[in-house]
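Student: Protein chains in written order, with the numbering used here: chain A, 1 to 99; chain B, 1 to 99; chain C, 1 to 287; chain D, 1 to 287.
No wet-lab data here; the hints were simulated from the structure.
Don't take each hint at face value.
Simulated crosslink set (BS3-like; lysine-lysine; CA at most 30 Å straight-line) [stated by the list, open to error]:
| # | chain 1 | residue 1 | chain 2 | residue 2 |
| --- | --- | --- | --- | --- |
| 1 | B | Lys19 | D | Lys242 |
| 2 | B | Lys57 | B | Lys33 |
| 3 | C | Lys242 | D | Lys242 |
| 4 | D | Lys242 | B | Lys18 |
| 5 | D | Lys242 | B | Lys33 |
| 6 | A | Lys87 | D | Lys242 |
| 7 | D | Lys92 | C | Lys92 |
| 8 | A | Lys18 | D | Lys242 |
| 9 | A | Lys87 | C | Lys242 |
| 10 | B | Lys19 | B | Lys37 |
| 11 | B | Lys37 | D | Lys242 |
| 12 | D | Lys242 | B | Lys87 |
| 13 | C | Lys242 | B | Lys87 |
| 14 | D | Lys242 | B | Lys57 |
| 15 | A | Lys33 | B | Lys87 |
| 16 | A | Lys37 | C | Lys242 |
| 17 | C | Lys242 | B | Lys19 |
| 18 | B | Lys87 | B | Lys33 |
| 19 | A | Lys87 | B | Lys87 |
| 20 | C | Lys242 | A | Lys18 |
| 21 | C | Lys242 | A | Lys33 |
| 22 | D | Lys242 | A | Lys19 |
| 23 | C | Lys242 | A | Lys19 |
| 24 | C | Lys242 | A | Lys57 |
Restraint ranges, calculated between C-beta atoms of paired labels, are given here [to be verified]:
| # | chain 1 | residue 1 | chain 2 | residue 2 | range |
| --- | --- | --- | --- | --- | --- |
| 25 | B | Gly78 | C | Asn171 | 42 to 48 Å |
| 26 | C | Lys242 | A | Ser41 | 24 to 30 Å |
| 27 | A | Gln2 | D | Gln111 | 53 to 59 Å |
| 28 | B | Gln2 | C | Asn171 | 27 to 33 Å |
Heads up, the beta-carbon is just placed ideally off N, CA and C, and yes, glycines get one too.
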Amino acid sequence: MQLTLEFGGGLELLCDSKKIHNVNVEIQNGEDKLTMKDLLSWVRTNLIKERPEMFMKGDTVRPGVLVLVNDCDWELSGQLNTSLEEKDVVVFISTLHGG
Amino acid sequence: MQLTLEFGGGLELLCDSKKIHNVNVEIQNGEDKLTMKDLLSWVRTNLIKERPEMFMKGDTVRPGVLVLVNDCDWELSGQLNTSLEEKDVVVFISTLHGG
Amino acid sequence: SSHSSNALEPHMIYRYSRHLLLPSFGVQGQENLLNASILVVGAGGLGSPALLYLAACGVGRLGIVDHDVVELNNMHRQIIHTEAYIGQPKVKSAAAACRSINSTIQIVEHQEALRTSNALEILSQYDIIVDATDNAPSRYMINDCCVVLGKPLVSGAALGLEGQLTVYNYNGGPCYRCLFPTPPPTTACQRCADSGVLGVVPGIIGCLQALEAIKIAASVGEILSGRMLLFDALSARIRIVKIRGRSMQCEACAENTTFKQQQFQEFDYENFTQTPLSVGPLRLNLL
Amino acid sequence: SSHSSNALEPHMIYRYSRHLLLPSFGVQGQENLLNASILVVGAGGLGSPALLYLAACGVGRLGIVDHDVVELNNMHRQIIHTEAYIGQPKVKSAAAACRSINSTIQIVEHQEALRTSNALEILSQYDIIVDATDNAPSRYMINDCCVVLGKPLVSGAALGLEGQLTVYNYNGGPCYRCLFPTPPPTTACQRCADSGVLGVVPGIIGCLQALEAIKIAASVGEILSGRMLLFDALSARIRIVKIRGRSMQCEACAENTTFKQQQFQEFDYENFTQTPLSVGPLRLNLL
Ligand SMILES: [Zn+2]
Ligand SMILES: [Zn+2]
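Kindly generate the complete structure, drawing on both the sequences and the hints.
Tutor: Next comes the structure, spelled out in structure tokens:
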């Protein structure tokens, strides 16, 4: 499945300082769909190069990270259970505190 | 065909000061598609309430109006010949000069 | 608000004529502004443009909270301060600048750090709060105080080459804790002093904060509530995304919450976020 | 550019430390800025924040062109000017403000109206031009002069509650005439004085102009060329759209054009747009 993943608010530093990743994520054998839970584990394995604890805590993102699926907060689409579709855009962004 | 039409930069004043119009434009008998040329004539008839010369000149938009089909300048898609598809977003915006 | 209504005097008609000409703003919008009070917490990178535009546009009463002094390394982004004010309190400097561009509005100086002990008393004097601070505990504290007092909060942040903006606790919309119930790890809370910031980025976000505060005060337009603006300066890209609504589990704003003024005053924001509310200037360790 | 290279002196390291800390900006970005020269045409609603942020960030030489004087009805949006300067030239007022926030850069005052007779000479002294004017003939004239001289043009506009921004003539991208070969009817060219403008809207666009100019000067990031930012303040919506590339038929910038310095100097922009290049203050006809 072709997806665009974007990292911001400093999270890009965890994946070679690259903000936009066009990726192809395979649906696992026996599954009929790709969920955000699957994607997080794929990102953790394939994109995060350092300090994974800055991206995840337990099986979800760490506190302070917003997840957006097609410009919409994943809280509105079922969080970890959100089903992804071809060409979806998923944004992971860390909240900023500076001024 | 369901389209979203948006007017900005003052052009909204020509259609009841309403910026966003969700419209249903029928493809004419004998035609197999809707082009921007058709849409302009539909807008001219159905939405423009006053001073049509501020919107069109001849069979196209007046100088100083940018036309965007799905956030892309219509010069890049064939101008008047651009074919429209279901749920397209067409923006008409007048260039501003103030500061 | 505790103000009496201002009618537009002739000098105001002249000063604000470009606002009065706007069909969607007009006399009513300007009168609403003149009768409104807005507090900006932080006279730094975000607060500088926010304060200047709020003063210029004619907000009736404009408050400034800050405990810091102007430093040379602020000057690349904190355009409200002049070199002549280096070493002096930011509140004093910012208030002088606001008065110099609009002598007809009331400017209130709160030259102190905002803490649980004074926040209720200060924030309660204003209709709208602008969070222009630079650290996580202040953001939680200001949010909670706004929730307890029922005030809309225009929240901006900037770091590096990115900025974020939304309005919390507005008209049934979410609060900061609805989005971020658990504070991030302290390692994720970088300050401009640690990581740097391109000066004009808080400039853009601060202007957008002024705009949202003006729209709320004037009762015009659609407020950026339930939506968040994400700005990436390097790529010149801006997203406006839909965020969750008010959370039924929110400790601060849920309907059945027990979090009231007393709980607010007793809450330890520094311990909650494991971050001090204010920090002295860091030594530079560069080059 | 005619400057010699500046190395970072200790006081600059301190002043610009938040820029130097940025991995994607850093020492090289700051040195590029210090060696750059930028001209802002117009010290009004757009020019005010653009000039303040360009001065603050450390552009080596910053020029200001304007022929107008500060008026009370400018003050709601032209935050670079203080009441003390009402009646005095905007260039003088803006230059003083820029110097007060950064005494270490060079500020050049061009207290005159920009015309075909002086534009080549003035613009040729700068690397980057910021169009912060308020009328159609100036926009065509500045564009054509930038094309003839090969200078990038950061173009912003604001009216009512909307703003627009793009960079013209940058790195093979389109110029203003590629987009608008024919001037609009004069009835479509409203000025802020006629139609009004919410003060903070040019504030936001002017800050974004400063950002694009800084990115060009520092050689960082993706420039807003071939793209246009459309800002709607009332609904808090921003679009960044893709626009056409350079036009092969463009009278100003096409490869085979005969439009050179001499043709520029002889071109009648007021006749072309049926609009005067500068207008005195209009009488208010309000309420
Ligand atoms: Zn809440
Ligand atoms: Zn051209």
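Student: Does each hint fit the structure? Answer for all of them.
Tutor: Against the structure, the hints come out as follows:
no.	hint	verdict
1	Lys19/B x Lys242/D	20 Å, holds
2	Lys57/B x Lys33/B	24 Å, holds
3	Lys242/C x Lys242/D	23 Å, holds
4	Lys242/D x Lys18/B	24 Å, holds
5	Lys242/D x Lys33/B	24 Å, holds
6	Lys87/A x Lys242/D	20 Å, holds
7	Lys92/D x Lys92/C	25 Å, holds
8	Lys18/A x Lys242/D	23 Å, holds
9	Lys87/A x Lys242/C	19 Å, holds
10	Lys19/B x Lys37/B	21 Å, holds
11	Lys37/B x Lys242/D	21 Å, holds
12	Lys242/D x Lys87/B	19 Å, holds
13	Lys242/C x Lys87/B	20 Å, holds
14	Lys242/D x Lys57/B	24 Å, holds
15	Lys33/A x Lys87/B	26 Å, holds
16	Lys37/A x Lys242/C	21 Å, holds
17	Lys242/C x Lys19/B	21 Å, holds
18	Lys87/B x Lys33/B	14 Å, holds
19	Lys87/A x Lys87/B	18 Å, holds
20	Lys242/C x Lys18/A	24 Å, holds
21	Lys242/C x Lys33/A	24 Å, holds
22	Lys242/D x Lys19/A	21 Å, holds
23	Lys242/C x Lys19/A	20 Å, holds
24	Lys242/C x Lys57/A	24 Å, holds
25	Gly78/B x Asn171/C: 42 to 48 Å	44 Å, holds
26	Lys242/C x Ser41/A: 24 to 30 Å	25 Å, holds
27	Gln2/A x Gln111/D: 53 to 59 Å	57 Å, holds
28	Gln2/B x Asn171/C: 27 to 33 Å	30 Å, holds
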